[in-house]
Structure formats: C-alpha cells, structure tokens
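Visitor: The chain contents come next:
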Amino acid sequence: MAEAGREIAALIEQVARLPGLGPRSARRLVLFLLKRRGQTMLPLAQALERVARGARDCAVCGNISGAEVCDICTDPRRATGEICVVADVADLWALERGGTFRGRYHVLGGLLSALDAVGPEELRLPALAARVADDGITEVILALDATVDGQTTAHYIAEALEGTGARVTSLAQGVPIGGELDYLDDGTITAALRARRALD
Amino acid sequence: MEWRAQALLIAVRPHGETAAIAEVFTEAHGRHAGVVRGGAGRRMAPLLQPGAELDVTWRARLEGQIGTFAVEPVRGRAGAVMGDRAALAGLSAVCALLAHVLPDRAPHPRLWAASRTLLDALEGVPDWPAAYLRWELGLLDEMGYGLDLSRCAVTGTRSGLAFVSPRTGRAVSAAGAGDWADRLLPLPPCLLGLAEARGEQLLTGLALTGYFLERHFAPEGAAPLPPARDRLVAALARRVRASSPPPAGSVPGA
Chain A
1 MAEAGREIAA LIEQVARLPG LGPRSARRLV LFLLKRRGQT MLPLAQALER
51 VARGARDCAV CGNISGAEVC DICTDPRRAT GEICVVADVA DLWALERGGT
101 FRGRYHVLGG LLSALDAVGP EELRLPALAA RVADDGITEV ILALDATVDG
151 QTTAHYIAEA LEGTGARVTS LAQGVPIGGE LDYLDDGTIT AALRARRALD
Chain B
1 MEWRAQALLI AVRPHGETAA IAEVFTEAHG RHAGVVRGGA GRRMAPLLQP
51 GAELDVTWRA RLEGQIGTFA VEPVRGRAGA VMGDRAALAG LSAVCALLAH
101 VLPDRAPHPR LWAASRTLLD ALEGVPDWPA AYLRWELGLL DEMGYGLDLS
151 RCAVTGTRSG LAFVSPRTGR AVSAAGAGDW ADRLLPLPPC LLGLAEARGE
201 QLLTGLALTG YFLERHFAPE GAAPLPPARD RLVAALARRV RASSPPPAGS
251 VPGA
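Going down the list, the protein sequences come from chains A and B.
To convert, note that position 62 of the first sequence is 62 in this note's numbering; the numbers rise steadily by one, no gaps.
To convert, note that position 239 of the second sequence is 239 in this note's numbering; the numbers rise steadily by one, no gaps.
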C-alpha cells in the first residue's frame, strides 16, 4: 500500500508539470482517474503509450504524425503547389481547424529571436528552400506570428526565397472576426488601416 | 517600494503560463525588469512588443526584488514598422542592444531620450539609418567607451582624419597613420560631420561602431552581440546595394 502511495505521489508530481496544472489540480485529476481506472485511466495510459512510441516528426514538413511522412504530405489532393510556413505544430493544427487551406505545410520549429539568439540554423529553413526548389512550389504563404520575431522571420524567409520563382505571401493583419475597434491595440489598428480594401 | 515612469519596452519573456518578465528602459531608473501579471495573455501580449512605450508602475516589498509592473500602454511601435524589413530590423537592434549592454538599474537619461527619438524616427523618417549610426556612437559614449574623433592621436591635427585606432578608439590622420594604415579601422567622413551617412559611408560607420561594440560588450568567451544587429546591417547593406548605380559599362540584366 505504501508502494502504491509512492507511485500515486509520483504520478501527481508528473501531472503537476503539465501546462495549466499545479499540485492541487494534479491531485484532483489523478483522483478522478483513480476512481475511473477501467473506463478512463487504462485507455488513457494505453493511448499515451501508443502515441509516445509511435509519434514522430514528418520527414518532409516537420508536422507530428504517426508515420515517417504525415498524412498531409502523402495526400495527392494537397499537391497544389502551395506551402504554408508555420512556426510550430500548434499553428499547423490551428490552420487545419480552419479547414480553408488545402495545400501543404512547412513547420519551422520556432522563430528567429533577437534576444534568445535563435538563428536561421536552428530553424528548418534549408529544408524549406530545398522543397521550394524541388517540389514545383508556386506560392509560399508565411503564416507567422504578427510579432517582432514572427515578422523578422517572415522577412528573412522572403529574402532567402528570392530568385526561386515562388510567390511569397503573408497572412493579412487587422481586425479579428468579432473584434471591437475600441478594444484593439494601436498596432493592430495601424495594420488594419494599411491593409484596407475597397468594398465591391 | 514603488515608482511610476514612462518606459521603453526592450525585452519580454514568458514567465510561467500567463505572466511575462518585461525589461524596460526608463529615464530615471535605467534598465529595469519586473513581472507583468497576465503579460503572456491574449489581452496584454500584443501590447508588450519590443519598442512599445509604456506607463509602468513598479512595486516590490524590497528594493532588490524583481517586483511587478502594472502596465498601461502609451503607444506601440512594432505594428508601424512590421512591413518594412530594415525598420523592423532597426527596432529589434535598438531594443536588443539596449538589453545586452545596459547595466541593471543605472539611469542613462541622455541615452533614454536618444533611444526614444530613434524609435520614433523608424516609423517614417527616411534618414533613420544615419540616426541609428549616431545612436550607436552615443551608446558607446554613454557606456564609457566613446570614440575620440576630435583630433589625430599621433600628430594632434584636426584635419585629414581617416582612421580609428582599434586599440584606443582615437582618430588617426592619413599622415599620422603612415605604414600602420592597414592595421587601423577606416573612419568615414560622415562620422566627422563632413558628409551624409548614406551608402557605403553608412556601412563603414556601422562596421566601425560594430567593432567597438563587439570588443567591449561581446569579448571572446562572453555572449555574442545580439544577432538583431547583424540582421540590421545586412538589411541596410542590401538596401545600399539595391540603390547603387551599376558600375559603368555594365549591361543591365546581364
């Protein structure tokens, strides 16, 4: 019993390290799982183990998947000649949730950072240049954060891809859907004004 | 402990899940860090972009603690320069260099005013690269490593100054340099007020200030200068190359 107590304490400690959780919420979560060992805890443990053993970075785009090359990269319908460049897998998932983009992705694995000395060599930039050169890419869409680091990275990539023949575009910046002008920061309002368009 | 000041945001890092540690530069308190609660959240993060001007109130129980900042945005600058590669690189370089070289909590009011003016200039003053070069000279001066470009270190003359000694940071005239000229750093006339800081002169000036910034703030074995400065120099060099007329006799497009 003492052994089980130590194991549970160790589990609580592990869970408390997850984002959004502290020791108190970890205790509640573990207790919840312990009360539903059969229906929830074991399937969860098995799923965690399966994913932990099987997940890998896609060799082409850097997405996380269960195979050497992810489903998006192997789907022939997505060979549209467009690559959407994102900083992180979370951004790729966000774009996929939107369901609008039907091309392929390239995950950089971060952004150039002035402070943290993250340089081009830390990102998957050579792989992007190689894909643009070899895969008949006609448009590279830079879907990077509207932050100083994000836009610095965007400019760097645009410069690096000059001369490849691919059109380099970036996401628009401006008023979010459902946004009220009164609550927007002045940078967003400036960007929105600059990107204004005629109403047909 | 509590104070309130107008501040330039020079760096921000996430702290935990929703907070951020902001480094600001103020007139009276110099470079100062503090925790911003909710600084990494959806509402605050867009306001906490480097270069932003903030009204900050710092509170701590003891002077030596990191303390917390209550932040009111005064004006953002990043949004206005994001579309301009060189200006964005300029904003990053100013903030990153300040974060790199400034000692903690030591006031530098002249540098604060100059930094604020320069950040304003990035938003549309066409000649801002010249202002940036002057700012770097001022940064060296303010940190105690100013270049002495007033007279030749060898002959004492005030005319014909063409080089700077990499060891002392003092100007040397062409006549005074003699056989040592190839060991000295070129001094562009723009740094003497004899020409405008444009084109190759601007780049030579940045190479000169870069040499001394690296020597004093990134010696061997220490952290290198922020890469943001290299990116700015590369962006300006690219701009100079693009605006230079092709050499005489060259065929356009060849």
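To be clear, the hints were calculated from the coordinates, so they are not data collected in a lab.
Source: prediction; values computed, not measured.
Treat each hint with caution, since some may be false.
[Stated by the list, open to error] Now the stretches of chain B that chain A is said to cover, found in silico as 3 or more residues with beta-carbon under 8 Å:
| no. | region |
| --- | --- |
| 1 | 82 to 90 |
| 2 | 168 to 178 |
| 3 | 225 to 232 |
[As the list claims (entries may be wrong)] Taking CB as the label site, the calculated pair distances span:
| no. | chain 1 | residue 1 | chain 2 | residue 2 | range |
| --- | --- | --- | --- | --- | --- |
| 4 | B | Gly156 | A | Gly163 | 47 to 57 Å |
| 5 | A | Pro126 | B | Arg167 | 51 to 61 Å |
| 6 | B | Arg37 | A | Lys35 | 32 to 42 Å |
| 7 | B | Asp141 | A | Thr80 | 48 to 58 Å |
[Unchecked claim] A few chain B residues that don't get close to chain A, going by computed Cβ distances all over 10 Å:
| no. | residue |
| --- | --- |
| 8 | Asp55 |
| 9 | Asp127 |
| 10 | Ala131 |
| 11 | Gly146 |
| 12 | Ala153 |
| 13 | Leu185 |
| 14 | Arg238 |
Glycine included, every Cβ here is placed at the ideal spot set by N, Cα and C.
Visitor: A cut-off of 10 Å on Cβ-Cβ distance, and Ala153/B was said to be off the interface with chain A. Does that hold?
Guide: 35 Å, holds
Visitor: Verify that the Cβ of Arg238/B lies farther than 10 Å from every Cβ atom of chain A, and report whether the claim holds or is violated.
Guide: 8 Å, violated
Visitor: Given a hinted range of 51 to 61 Å, is it respected by the beta-carbon distance of Pro126/A and Arg167/B?
Guide: Given about 40 Å between the Cβ atoms, the range is violated.
Visitor: With 10 Å as the threshold, tell me whether Ala131/B passes as away from chain A on beta-carbon distances.
Guide: Per Cβ check, Ala131/B is outside 10 Å of chain A; nearest 19 Å; holds.
Visitor: Against chain A, does Asp55/B keep a CB gap of more than 10 Å to every residue?
Guide: The assertion about Asp55/B holds, with a minimum of 14 Å to chain A.
Visitor: Against the range 47 to 57 Å, how does the distance between the Cβ atoms of Gly156/B and Gly163/A compare: consistent or not?
Guide: Distance hint for Gly156/B, Gly163/A holds at roughly 52 Å.
Visitor: With d taken as the least Cβ-Cβ distance between Gly146/B and chain A, does d exceed 10 Å?
Guide: 25 Å, holds
Visitor: For Leu185/B, is the shortest CB-to-CB distance to chain A above 10 Å, so the non-interface label stands?
Guide: 26 Å, holds
Visitor: Okay, Arg37/B versus Lys35/A on CB: inside 32 to 42 Å?
Guide: This hint holds: roughly 35 Å between Cβ atoms.
Visitor: Do the Cβ positions of Asp141/B and Thr80/A conform to the proposed distance bound of 48 to 58 Å?
Guide: This hint holds: roughly 55 Å between Cβ atoms.
Visitor: Three or more residues of the region 82 to 90 of chain B near chain A by CB distance under 8 Å?
Guide: With 5 residues close enough to chain A, the hint holds.
Visitor: Evaluate the condition: distance from the CB of Asp127/B to the nearest CB of chain A exceeds 10 Å.
Guide: 21 Å, holds
When each numbered hint is compared with the structure, violations occur for hints 2, 5 and 14.
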